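Chemist: Assembling the complex is the task here: the two chains are given apart, and the hints tell you how they should meet.
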Amino acid sequence: MRNRRIRALFTIVIIVFAFLGIILPLSDNENDISILKFFPNINLGLDIQGGVLLEYSLDIPEGQDGGTIVDNVITVLRRRMDSAGYTEAIVSEVNSGGERRVRVEIPGISDTQRAEELIGSKGKLYFAEVLEVVESSTVPQITRNRVVTIDGEEIEMYSYVRDSNNPNVWYRVKNIFEFGDDPFQITGLDVSDTVASLNPQGAGFVVNLSFNNEGRRKFELATANLVNQRIAIILDNEAIIAPVVREKISQGRAEISGIENLQEAQNIAVLIKSGNLPVDLIKFQERTLGPTLGRDIVTTIINAGIIGLLIVMIYMIVVYKWMGIVAVIALLYNSLLLMGILSWTGAILTLPGIAGIILTFGTTVDGNIIIYERIKEELRVGRPPLTAVKFGFNKVFSTIFDANLTTILAGLVLFFFTSGSIRGFSVTLIIGVLGAMFTNLVVSRLLLESTSRFLKPEKYVKGIVVEKGGVK
Amino acid sequence: MPNLDFVGKRKLFLYISFALIIFSLIVIFVKGFNFGVDFSGGSEIILSFDKEYTIEELREGMQIIDPNYATARIIETNPGVGSSDKYFYIITVRDSFPSLEEKEKFISGLEEVFSDSNLKVEQFNDVSGYAAREIRSYAWYAVIIALVVLLAYITIRFQFVYGVGAIIALAHDVIITLGFYSLFGIEMNLTAIAAFLTLAGYSLNDTIVIYDRIRENRSKSRGTPIEVITNKSINEVIIRSLNTSITTFIVVFMMFILGGRSIASFAFGLTIGVIIGTYSSLYIASPIIIGFVSRKRKKAKA
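Residue numbers (our numbering), protein chains in the order written: chain A, 1 to 472; chain B, 1001 to 1302.
Fair warning: there could be bad hints in the mix.
Here are the computed lysine-lysine pairs in the DSSO-like style, where the Cα-Cα straight-line distance is at most 27 Å [to be verified]:
(1) K1105/B to K124/A
(2) K390/A to K456/A
(3) K124/A to K321/A
(4) K218/A to K321/A
(5) K395/A to K1220/B
(6) K1220/B to K390/A
Hints were generated in silico from the structure; no laboratory data involved.
The structure presented is a predicted model; accordingly, all values stated were derived computationally and were not measured.
Bound conformation, chain B alone (with noise of 0.2 Å):
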């Protein structure tokens, strides 16, 4: 079994991570999100052709059709496997299509700028501002209730402290990986969501699995001193933590680079996460209840 001192350290690692956050927070702040109809609202249409165009001519041909359209983000794709002999483009335009002969003079435009090359509407998602509002609050409550019942159920199987440390490890996971999703550009749309609930559970697994642990140890040698106990604790379950993490990233890591821009937005999260939320269960979730702990003892003999 290592005997690594993880809990002498853990001013530093506070430091390490309040810094990550700092950092975070500033990214989100000056370079904010990359947001996805789903919360913009707007719509997104992928059109695949037989002949591949640079970015410049489909904006130029968009902008024959209205030249509002000069705004419009375009990225060429590539969906995966079979389409190889396709070219496909992604363009979201900023406001959505509110009616039918709206969407159909588009289209019909687009065909007709760049009729030699059998364009397809391969996918077309539509968000009125109304739903992406919704959305977006919708987003929040899943999250913010998420936290509160996990809170609860912590409080209940452990102690209030344990809760309040997993939550604390929880939010720094989130705060960094979002720091993530703003500094590489990455789509924030329902599915990054997902991810960071996929995430929050994943997160919380590995630190009650340490939790579990300390819990343990603690009733087995009373009057051992609690850093001793956690640090006992983190070394016991340090070998699964790695193995667990380890597996974990290979699978969604392989889903990053090779399941495509549909899930890679998830894919991206969770790669970032399982690292994330492995350091800080070691690092942060278990050494930062010592500091509760230690302090209700000080209350307690005073």
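So here's chain A without its partners, still in its complex pose (with noise of 0.2 Å):
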């Protein structure tokens, strides 16, 4: 008695904890995904919800530490996608048998291609000597070129650069500053700080570029010459802007002023601060998945299981009269557990990760079926219906232990050996599977020994060989 009472306690508890994680207002997702709709503390991988994976390799070279340029690159990468308004981007690192690589994932997006630009280049930024202003609607060319090579890197001396805010109009720039001895260029490894700020003298905002040792020599060479000229900012062959040199700064700290507005000022100083990417990135998998088409898969998949699911029901009520009711209240209950703990842990939900719970279900409905089959057993032989429930959940704890525990641990292996969508069938295989056995050993227990009395002996017992001495 005291037993069944501590059940109804955890089968209570722990069903209106499900609950709150499943209606309080948790996160601020948007699920309009068929019954997901009403499960909006879940988050939806980007295989349902439509968005793009890009996942790159880093071409580290030899002798430098990949931790800090794969830190370096998820800072950039993350600036840059911010900067670009995809806040709800992760970037993130795999790490995978000892290979570093950088995975981008941006939910709900649709045109991939920019994201990929924006991504994929290895986005260069430079200062450069501003010779010429043109307006042109198309590409002035140049004439004659040359190329010098600076640390091994080959450069072309002059190039057109666009204006970022102006598709007209094109600076002629000099890309490499030729003043000393060596010629050199600055690049954004030579700024170590930039910030935007209101302009403490007077109107609109500035933005404050500081260099290291080494940007500010080559800073203060170039601007000794250049006063009164413009430098340009560059980064992926557009002009961020292009300011004029006011006197030679040698302090290691540069100021641009005369911008309007403070997101003007902002991107600017994010574009400079994330422009350089220290390495090469290679494109290891891409993967997209228009937001339409993800969700017709999606309704597809939860309808095709919900058909499946009734079947199953109707198909153990009739075989198992009430017994298969109470195998239906533990299929819900169950589903409900998964819901909620999906939502507090904020696991994504992939669609493989929907098959698993699809599995769960028959995982639950086999637990019962186990325990079934041994009340059905423990009737046959005499016992009054509540005696047969006991002996019988007694007597299949360690099956359902085992049996359980053996999809548990393959769940296990392919979590920590798989990556993406398919992580997320093994987290809701093994949520599943441990809420199942939960709701087996538990939830069902407490709803057959209050109910025993439902249970009719003569319905299971009839038509039976019984066994005469034998094996026993």
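Modeler: This is the structure in structure tokens:
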């Protein structure tokens, strides 16, 4: 009797907990797909809500610290995502057998070209001397050019770059500074920090740049020779801004003024700061799913699952009568529990994850069948219903434990050896199987013990060949 | 309770299984697998149009962009509800698009060729050959490690011979299911691997329920021949095995026929796997340990 009360307590507390996870406003997701709209706290994977996943290997030069480079790449990509408005994007490191890769997941976008342009470009940021400003709707051609090698990199001396704000304005720039003994370039690597702020001396906003030691020396040399001329700050062949040099800057700190709004100043700061990827990114894999297709696929799979489930429920009730009804309740209980846990933990539900949930129903039903067959055996040898239920549950414990633990072990292996959407499968499978064990051993037991008077032994005993002696 | 003779006919079923395994291996070696881009590398593009085209028209259109696309695989598909007013095609090309320019060139080329039918790129999966190699090797690791872990677990909970029996039954299920994948040309991709691991869990689950009964019956009646105990145990749990298999089968079969293409290779594996797994736990996994156990006894006597 006391055990039954403890079971009732657990059953109620856990389902209330699951319910809270489902109904509390824990996240600001808006799931509008099929029945998932009733579970707004569940994070949907890219393969369900649509979006793009890009994964890159890094071309890390030998002898360099991979960890720092990966961190830098992630910081740069994160900033680029934010500055382009993809604030929901997830930038993360994937470590696969010692190989470090970077993964970018952007939910809900359809224009993947832009995302890829943003991420994939090495995005070299550099400073260049402006020779001439040209207005033209087409790309002006360079007539004579020459190539200079700096640090092993071949750079064309002159080029036209477009103004990032005005597509008809072109700057003819000299990409290399030829002051002092050696020609040099000032790149994003020479900039140590960039901050946007309100102009302390007048109207508008400013962007403050600080340079590291190397950059400071180069910048001093460049500005000393270019007073009253313009220096363009160029990213991906577009001039972000081309301020006029007012004086020689030797303190390692420069200020770009005359920017009209804060948004623009911040954009400039972010672009300069995030301009340099330290290494080349090599595309490892790309997965893009349009949002409508994802929705159609998921709806189809969920519908298929629900139809299958309804048939199973009817089957259970036909075969097991009252116990079948208990099985149906157990199924619903376990589904709610699973949805609740997914809501609380913020685990990401993927397409294979939905398959995992549907399989969990199989596990729940299976556990119930194992138990019911035992109870039927106990009823057949003439035990009264309540005793039959109790004996049945006690005897199946180790069976259910062993059988489900093997599934969990397989799920754990899957979890540690895969990534992405398949991992979502192992997560729902593991949570679901654990939930099924709890549901079967605690919830079903509570229900059957308290309703054991509904079990009519004669319904389960008829037509049985009673064993004579033999093995006992 | 049914009283069927599983153990007496075990030789016959071992031959049947043996024949099935040989058949599967031959099919696999002769026909091979239909590897998806996850395993072979390359690009898989799902396009939608407002107009229906024949596969030939699409292929011709692609060859205008680049004659190399003559070898692309093109399949018409239907992703499911809500998409009935559109026509969907899956195009698989051998090579991945290493650069953005090439991808853009391909897509804008298609847009030009099929300019009047509102072409949309619905899905784009690009897996580099290197990624495919890695995914392939990880799939193997996952399968092998899962097997070792499960063998260890069963050895601890039962006996080593039970573990061996379960693993043999499992290998049996996996090989035959692989044979079916090859025979019907079902795509092998990451979800198929998920199906195999689920199948592993399921097959073992089934086997363990019977082993558990055997263990229980053996401790209850010492001295009774293992053949009798095994047969009695199988008969005791067969209703449960059938009911579980039927209910699982209903769910995965519904997923297979109604769930659409993206879940098909997963659901196919489980649909076949449920049948094979149930068969093997009744006719292979338990009868096979009889041989091991009685051999051990003979040794002990000698």
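Chemist: Against each hint, give a clear statement of whether it holds in the structure.
Modeler: Status of the hints after comparison with the structure:
Distance restraint check for K1105/B and K124/A: the Cα-Cα separation of roughly 24 Å lies within the 27 Å cut-off, and the hinted pair is therefore satisfied. Using a Cα cut-off of 27 Å, the hinted pair K390/A and K456/A holds, with the two alpha carbons roughly 16 Å apart. Of the pairs offered as hints, the one joining K124/A and K321/A is violated, with about 71 Å between alpha carbons and a cut-off of 27 Å exceeded. Of the pairs offered as hints, the one joining K218/A and K321/A is violated, with about 86 Å between alpha carbons and a cut-off of 27 Å exceeded.
For the suggested pair K395/A and K1220/B, the alpha carbons sit about 13 Å apart, so the restraint of at most 27 Å is met. Distance restraint check for K1220/B and K390/A: the Cα-Cα separation of roughly 20 Å lies within the 27 Å cut-off, and the hinted pair is therefore satisfied.
Of the numbered hints stated above, those contradicted by the structure are hints 3, 4, listed in ascending order.
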